[in-house]
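There are 2 protein chains.
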Amino acid sequence: MAAEYNICLDIGGTKILGAIFDSKKKIIYRLKKKTKSGGDSAQNVEEVIISVVDEMIKESGIKKSQINAISAGAPGVIDSDAGIVLFSPNLPWRNYDIRTPIEKKFGVPFYIGNDVNVGVLGEWKYGVAKGYKNVVGYFVGTGMGGGLILDGKMFTGNKFKGAELGHMVLEPEGPLCGCGQRGCLEALSSKKGMTSYFQQQISRGRKTMMDGQIVNGTFKSKALKKALAEKDAVATEAVDRACHYLAIATGSIINAISPDIVIYGGGIIESSGDVFLEKILAEVDRYCMPSIRDTVEIKNAALGDDSVLYGALSMIVDK
Amino acid sequence: MAAEYNICLDIGGTKILGAIFDSKKKIIYRLKKKTKSGGDSAQNVEEVIISVVDEMIKESGIKKSQINAISAGAPGVIDSDAGIVLFSPNLPWRNYDIRTPIEKKFGVPFYIGNDVNVGVLGEWKYGVAKGYKNVVGYFVGTGMGGGLILDGKMFTGNKFKGAELGHMVLEPEGPLCGCGQRGCLEALSSKKGMTSYFQQQISRGRKTMMDGQIVNGTFKSKALKKALAEKDAVATEAVDRACHYLAIATGSIINAISPDIVIYGGGIIESSGDVFLEKILAEVDRYCMPSIRDTVEIKNAALGDDSVLYGALSMIVDK
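Going line by line, the protein sequences match chains A and B.
Under the numbering used here, think of the first position of the first sequence as 238, with each following residue one higher.
Under the numbering used here, think of the first position of the second sequence as 238, with each following residue one higher.
Please keep in mind that the hints were generated in silico from the structure rather than gathered at the bench.
Where a beta carbon is used, it is the ideal one built from N, C-alpha and C, also for glycine.
Please note that the accuracy of each hint is not assured.
[What the hints assert, rightly or not] The calculated lysine to any residue pairs, modelled on SDA-like cross-linking and capped at a C-alpha distance of 25 angstroms, are: (1) A:K516 with B:L413; (2) A:K390 with B:K556; (3) A:K390 with B:K396; (4) B:K396 with B:G313; (5) B:K462 with B:L518; (6) A:K396 with B:K462; (7) A:K390 with B:D388.
[What the hints assert, rightly or not] Take a look, some chain B residues computed to stay more than 12 angstroms from chain A by CB distance: (8) L323; (9) K341; (10) V373; (11) K390; (12) K398; (13) M446; (14) A470; (15) N537.
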């Protein structure tokens, strides 16, 4: 059987995940690769993708002729209709037509979308949000990504700039966010937000297991998991604070949109079991109109690291 | 020519506005009528509409056979696909099939939707938001209504409960809102929110022209207009505060959705010229991601009291 495989990529600022899906949507080969961190403007966007896809074909043993399509999620503002990366914060891509060179090289269709949007799409098509019509997704990592499925379609707003749910402003006089505003959800509840809290508490002389774990303004999820397990007071406070603001943001977006389901994903959510979800659930009702709260589910994402890969698959399958 | 007229209604808790549109979408007859205020559970929903429509036909001199369709906006949660009022805060309607009796009585199609959603629809089809694809609308009155046009369609979320933009939570420890939460936009920036501010300042012994203007927890827009014109300090502070929170809410929803345009309507916005808009514009950039702010317009609604009537017309015309 020809053209039975789909190659899907999750392109991050520091690593690329790849998967080859067979016609039954099973992953038959996986790749994980570190990328050069951003700023190398000489780096050619299609070279990265081409080399990774070439490597996946070679290592998996499939033939080029067996590839049906290639698809990717990447950070930034992406015109997924045209296959153009308009802007990417961590990658040296500006108004870059990435579709044409990839399609030319491999002779198959190539799709690309914003990684968080694509991740929510994956959870909607193959994960916890399957079958719902209106989905709100938060992906908590170093930053805070957001994605929306509205009326049964991925919603990306004007000029593909939505949905920056991590930049809803919760504390107008609060901590500075990377985006230049103050008190965004990202500045309060992401790893960066939690890192600020750790640094503040450490500078006040408090002891915490998170001291020494902070590298480049963030930390590893498993370090936090360990600190929580050992009831580290500062780590617990940081998570309580992150969940407090996630609960407020969740309540506001539930009232504003009346979605069917809100989901939380990302390494830190996943590695902590239901710690985040339970804290959010304990508080969120305070910020939801009861009549709207009654008809919305609030759950953790189900696909873990694979949500972007499955979302990329869905971009192929649903075309 | 038969069936050339459309009858459109804006059904409020205290008054009904009606208009007869001709085939050129001109209003040829208007009606304004006080309704009994809510709570009279014996009051029959279709009786209200039927009597108003009957009166409009009689007074305008058109014939029943010249009516093409009837359409209405009303407060509450409304299944506009089925023509069922699921819940209405100020009207004694619960899971009420209103379409069937009206269509039976007049023999023409009847459409109904939530008044704020329908008002935003009117501004989108015939007003300031014409031609845009993603529209966010705030209607500031006694309460604070919200409406969304997303991807070129009215968006009402799960079970028709969206879009309660007035109940995004901005101050979790702030003033109590009618919905039971604290610090909703409505509790801060609507007439009810401003009224709380006036009452607080009056109880502190401050003098204001708004003293004596407050009836049933609200006030008339023209009283505020006059106080602003005479540079009443407390009135100015209340508007500054209302616009401060409107700016934060607007920034958050702009970041979350990336709309093409945000519009403000409602009596108090309209009667104050550009006072609200200018104050919001002076502050909103602080709460918007610059890259998203670049592609969104922020304007006042254009149709005044007629936005719901035009939205109701659009429900007929676009069917």
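Verification of the supplied hints:
The hinted pair formed by K516 of chain A and L413 of chain B meets the criterion: a straight-line CA distance of about 23 angstroms does not exceed 25 angstroms. Between K390 of chain A and K556 of chain B the CA atoms are separated by roughly 22 angstroms; this keeps the pair inside 25 angstroms, and the hint holds. Straight-line distance between C-alpha atoms of K390 of chain A and K396 of chain B comes to about 17 angstroms, which keeps the hinted pair within the 25 angstroms bound. Of the pairs offered as hints, the one joining K396 of chain B and G313 of chain B holds, with about 12 angstroms between alpha carbons and a cut-off of 25 angstroms not exceeded.
Using a Cα cut-off of 25 angstroms, the hinted pair K462 of chain B and L518 of chain B holds, with the two alpha carbons roughly 19 angstroms apart. Among the hinted pairs, K396 of chain A with K462 of chain B is inconsistent with the structure: their alpha-carbon atoms are about 38 angstroms apart, more than 25 angstroms. In summary, the hint linking K390 of chain A to D388 of chain B is supported, as the alpha carbons are separated by about 9 angstroms, within the 25 angstroms threshold. The Cβ of L323 of chain B does not lie farther than 12 angstroms from every Cβ of chain A; its closest approach is about 9 angstroms, which violates its non-interface assignment.
Taking the minimum C-beta to C-beta distance to chain A, about 30 angstroms, the non-interface status of K341 of chain B holds against the 12 angstroms cut. Consistency note on V373 of chain B: stated as away from chain A, yet its beta-carbon is not over 12 angstroms from all of that chain's, at 9 angstroms minimum. With a minimum CB-CB distance of about 7 angstroms to chain A, K390 of chain B fails to clear the 12 angstroms threshold, and the non-interface call is violated. For K398 of chain B, the shortest C-beta to C-beta distance to chain A comes to about 4 angstroms, within the 12 angstroms cut-off, and the non-interface label is violated.
Residue placement check: M446 of chain B keeps its beta carbon more than 12 angstroms from all beta carbons of chain A (closest about 29 angstroms). Residue placement check: A470 of chain B keeps its beta carbon more than 12 angstroms from all beta carbons of chain A (closest about 23 angstroms). Every CB of chain A is more than 12 angstroms from the CB of N537 of chain B (nearest about 20 angstroms), matching its label as outside the interface.
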